[in-house]
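A.B. asks: Below are the chains, spelled out letter by letter.
There are 2 protein chains.
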Amino acid sequence: MSILKLVSSKAASEIDKELMGPQVGFTLQQLMELAGFSVAQAIQREYPLNQNRNKNGVFIIVGPGNNGGDGLVCARHLKLFGYNPIVYYPVRSKRTEFYSQLVNQLEFFQVPILSEEQQNKWTEYLEPGKIACIVDAIFGFSFKPPIREPFGTIVEELNKLEDKIPVVAVDIPTGWDVDNGPIENEPSYVPSVLVSLTVPKPCSQCINPKRTTHYVGGRFIPRHFAEKYGFEPYEYKGTDQILKF
Amino acid sequence: MSILKLVSSKAASEIDKELMGPQVGFTLQQLMELAGFSVAQAIQREYPLNQNRNKNGVFIIVGPGNNGGDGLVCARHLKLFGYNPIVYYPVRSKRTEFYSQLVNQLEFFQVPILSEEQQNKWTEYLEPGKIACIVDAIFGFSFKPPIREPFGTIVEELNKLEDKIPVVAVDIPTGWDVDNGPIENEPSYVPSVLVSLTVPKPCSQCINPKRTTHYVGGRFIPRHFAEKYGFEPYEYKGTDQILKF
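For the record, the sequence lines run as chains A and B.
Using my numbering, the letters of the first sequence correspond one by one to residues 1 to 245.
Using my numbering, the letters of the second sequence correspond one by one to residues 246 to 490.
Mixed in with the good hints, there may be bad ones.
To be verified - With a straight-line Cα cutoff of 27 Å, these simulated DSSO-like cross-link-like pairs (lysine-lysine) come out:
#: 1; chain 1: A; residue 1: LYS79; chain 2: B; residue 2: LYS262
#: 2; chain 1: B; residue 1: LYS489; chain 2: A; residue 2: LYS79
#: 3; chain 1: A; residue 1: LYS237; chain 2: B; residue 2: LYS255
#: 4; chain 1: B; residue 1: LYS482; chain 2: A; residue 2: LYS55
#: 5; chain 1: B; residue 1: LYS455; chain 2: B; residue 2: LYS482
#: 6; chain 1: A; residue 1: LYS237; chain 2: A; residue 2: LYS79
#: 7; chain 1: A; residue 1: LYS130; chain 2: A; residue 2: LYS244
#: 8; chain 1: B; residue 1: LYS375; chain 2: A; residue 2: LYS237
#: 9; chain 1: B; residue 1: LYS300; chain 2: A; residue 2: LYS237
#: 10; chain 1: B; residue 1: LYS324; chain 2: A; residue 2: LYS237
#: 11; chain 1: A; residue 1: LYS94; chain 2: B; residue 2: LYS250
#: 12; chain 1: B; residue 1: LYS324; chain 2: A; residue 2: LYS5
#: 13; chain 1: B; residue 1: LYS255; chain 2: B; residue 2: LYS489
For the record, the hints were derived by calculation from the structure and aren't laboratory data.
Using the sequences and the accompanying hints, generate a full structural model.
C.D. replies: Written out as structure tokens, the structure is:
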């Protein structure tokens with residue numbers, strides 16, 4: 001893993017700020033669309049439908065911030081790819097109108113979002129014969145421990161489930177410290193797939209390549225900008241929005 | 246071509262309105278990102294870089310409306326795919342702040358946009374040995390003849406160039422009537438590639454499959470919505486954002 005260039009949580013936050021700042025002018029909507037699409041593409045690559053048509057469920061756990069927004073976008077693309085996504089969104093974002101629009105879009109696409117009553121028994125929706133993977137879109141690189149409820153309990157469940165149903169982590173496995181990985185006395189789990197967004201964060205060095213497949217996604221950085229932040233641009237192939245390490 | 250389901254310009258406009266209406270809640274930024282990406286993917290599929298690395302130029306002619314916006318997004322993705330896009334944007338949109346942001350993004354990606362002086366000699370940028378294709382992102386399905394200047398002259402040039410450099414039309418070949426195709430006494434040209442967005446418009450029936458390769462792109466319509474408007478959803482493959490007919 002030594003060839004992998006990483007950026008700290010601080011640098012990741014600066015990159016995001018600059019990409020959406022006045023000079024570059026990306027909007028959150030654009031970046032989220034591309035990031036969510038890239039996660040959906042990684043899932044299609046890892047768990048293709050042609051192998052088992054009945055196992056087309058994807059259970060997406062959505063956090064209250066931008067990592068959650070990536071999960072909502074990912075769910076929509078998965079539906080278009082032929083999967084049956086189910087969304088578990090226990091703490092809804094009230095940040096901007098756009099988050100309500102992402103939910104509207106999912107309703108329009110007939111993607112089920114668990115009701116409050118269904119949320120109390122969310123693990124019942126995880127039938128190993130039907131669910132290809134779980135997506136952890138709970139917290140991203142701005143996460144700071146300790147983990148809040150209900151997410152602590154959710155991560156404990158992911159830990160118990162990790163040998164039964166693979167978990168795909170969006171950018172950061174929830175519960176991990178962005179710079180240092182799993183934290184003592186905090187709940188954590190081992191993802192089967194990690195999709196780093198834009199550039200891997202230091203905690204990605206804590207994965208064991210035998211247990212976790214690592215992708216980078218979110219292809220929206222030009223060469224000179226990557227070099228400015230001290231990493232090489234990745235050699236994505238063709239029109240791919242993900243690159244497997 | 247009889248199996249192709251088409252929608253009139255009127256229905257296309259209704260579909261757009263509904264997709265961005267309060268019930269569905271797509272934003273223009275999201276749809277444009279996906280549409281522009283799909284055009285870039287069609288170009289990569291038709292004119293892959295591995296065949297001729299020196300012929301990596303793509304000359305993108307951008308109109309003042311949403312079709313032009315698709316072209317601006319397409320240019321950015323092409324740059325990320327390794328092409329050298331050049332943008333000719335003679336009448337800049339003042340619709341919303343978002344159009345300025347799309348231009349900022351291109352400047353950040355170091356994609357050249359012709360200056361006013363350069364615009365006077367735009368055809369000089371079209372060296373057949375260097376330009377893989379021209380993109381016509383001038384007018385979309387809301388175009389009504391007669392064609393305004395400078396676009397009339399531009400289309401006349403495209404007509405002269407069509408045997409030298411392939412032209413990729415975004416949704417509608419500029420100058421064509423959306424429902425009826427080429428118009429008597431109006432300038433027009435024959436595209437080498439047509440990328441219909443969301444669903445082909447009736448004028449796509451006027452193409453000769455021997456001269457024009459036809460794709461549909463803009464994969465953002467669920468099955469039940471397609472059926473409501475009387476067309477089948479297209480059988481896109483994997484995570485592809487385009488489908489070749």
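A.B. asks: Now, for every hint given, state plainly whether the structure supports it.
C.D. replies: Do the hints match the structure? See the list:
no.	hint	verdict
1	LYS79/A / LYS262/B	holds (22 Å)
2	LYS489/B / LYS79/A	holds (21 Å)
3	LYS237/A / LYS255/B	violated (39 Å)
4	LYS482/B / LYS55/A	holds (18 Å)
5	LYS455/B / LYS482/B	holds (24 Å)
6	LYS237/A / LYS79/A	holds (24 Å)
7	LYS130/A / LYS244/A	holds (26 Å)
8	LYS375/B / LYS237/A	holds (22 Å)
9	LYS300/B / LYS237/A	holds (18 Å)
10	LYS324/B / LYS237/A	holds (13 Å)
11	LYS94/A / LYS250/B	violated (40 Å)
12	LYS324/B / LYS5/A	holds (22 Å)
13	LYS255/B / LYS489/B	holds (24 Å)
This entry does not satisfy hints 3 and 11, going by the numbered hints stated previously.
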